[in-house]
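Peer 1: With the sequences and hints as input, model every part of the structure.
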Amino acid sequence: MGCDGGSIPKRDELVKQKQRKAKVDQNILNRVHWFSCALSKKALSSPVVSCGLGKLYNRDAILEFLLDRTAYGDGDLICKHIKSLKDVVTLQLEINPSFSEAQSASLTIHDQEPVSRYICPITMKEMNGKYRFVYLDTCGCVMSELAMKEVPSKTCIKCTKPYEAANVIVLNPRAEEQEAMELALVEKQARIALEKKEKKKAKANKKDLEFMNGADSKLLDSTSSSSKRKLDEATTTDSHKHKKQHTTTTTTTATLSSTHSLTAAVAAKVAEQMAINASRQKSSAIRSLYNTGRVSKENFMNR
Numbered sequence: 045m046g047c048d049g050g051s052i053p054k055r056d057e058l059v060k061q062k063q064r065k066a067k068v069d070q071n072i073l074n075r076v077h078w079f080s081c082a083l084s085k086k087a088l089s090s091p092v093v094s095c096g097l098g099k100l101y102n103r104d105a106i107l108e109f110l111l112d113r114t115a116y117g118d119g120d121l122i123c124k125h126i127k128s129l130k131d132v133v134t135l136q137l138e139i140n141p142s143f144s145e146a147q148s149a150s151l152t153i154h155d156q157e158p159v160s161r162y163i164c165p166i167t168m169k170e171m172n173g174k175y176r177f178v179y180l181d182t183c184g185c186v187m188s189e190l191a192m193k194e195v196p197s198k199t200c201i202k203c204t205k206p207y208e209a210a211n212v213i214v215l216n217p218r219a220e221e222q223e224a225m226e227l228a229l230v231e232k233q234a235r236i237a238l239e240k241k242e243k244k245k246a247k248a249n250k251k252d253l254e255f256m257n258g259a260d261s262k263l264l265d266s267t268s269s270s271s272k273r274k275l276d277e278a279t280t281t282d283s284h285k286h287k288k289q290h291t292t293t294t295t296t297t298a299t300l301s302s303t304h305s306l307t308a309a310v311a312a313k314v315a316e317q318m319a320i321n322a323s324r325q326k327s328s329a330i331r332s333l334y335n336t337g338r339v340s341k342e343n344f345m346n347r
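Residues are numbered in the working numbering as their position in the sequence shown, beginning at 1, plus a constant of 44.
It should be emphasised that the hints constitute simulated quantities derived from the structure, not laboratory data. Even for Gly, the Cβ is constructed at its ideal location relative to N, Cα and C.
Subject to a maximum C-alpha distance of 30 Å in a straight line, what follows is the list of computed BS3-like cross-link-like pairs (lysine-lysine):
1. Lys130 to Lys86
2. Lys240 to Lys250
3. Lys247 to Lys205
4. Lys130 to Lys205
5. Lys99 to Lys193
Estimated spans, in silico, between C-beta atoms of each pair:
6. Pro141 to Lys62: 48 to 56 Å
7. Ser144 to Glu57: 51 to 59 Å
8. Ser144 to His77: 15 to 23 Å
9. Ala87 to Glu242: 40 to 48 Å
10. Ala248 to Pro141: 47 to 55 Å
11. Ala246 to Ala224: 28 to 36 Å
12. Asn71 to Gln233: 31 to 39 Å
13. Asn257 to Val212: 38 to 46 Å
Peer 2: What follows is the structure, encoded as structure tokens:
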């Protein structure tokens, strides 16, 4: 080597050294994560949504992705955990009054300090990556982590809706937090699926129970209706029998009364006829007596 007109190699060209990781400008990362949609790479604009991993998206980009999962080239890598709109939460963001479109973030202009479109409603700090921000998946309210520490409460500072520690999601977490959040998200989805399955099973059991109760009620109603119908028939039959018996009794009474009246009339008629006959017989006897005396006198005279 050397003296041949060639070049002299250096040590780093002969000895393999450990490659150093390329450093990425943190300002560029902040602009990518906090000022643009993680899916479409377009500037964030309301409505803004976030997933359980704390990434920020434009809602219309998520809708396009759900309709066509090939609409974005790396969509399945970025949003593989998003299956429906239930997997994202619409964020309630506070608009920065000092924001203007001329001050919006640009990935190509590094000299200009971008002004965030959103701020913390409590501390008024800009949501630009310099401060940690969180949101509550129960209500979607967004605030700085510092505000939650300064005002400890079990209800949302902004809307007073109750929440638990598990409901606090960090926006754009650090790399070391990402893995823990992915595990928590998997556990949460499994728990939700189990609760949904149990709810569906309970609903089916309730429906079966209602069906059985309805069948028993129908059977009871049918039995009651049958018993009522039989009772009504028996009551109607008894009523008819009573009515018939009453009619028969009335007819019999009327017949007996008529018979008694007829018998009395006949008896009176017979008595009257007998009296007439007796009177006639008496008149005949008297008449005969007088006639007999007259004949005897005549016979005596004749003698």
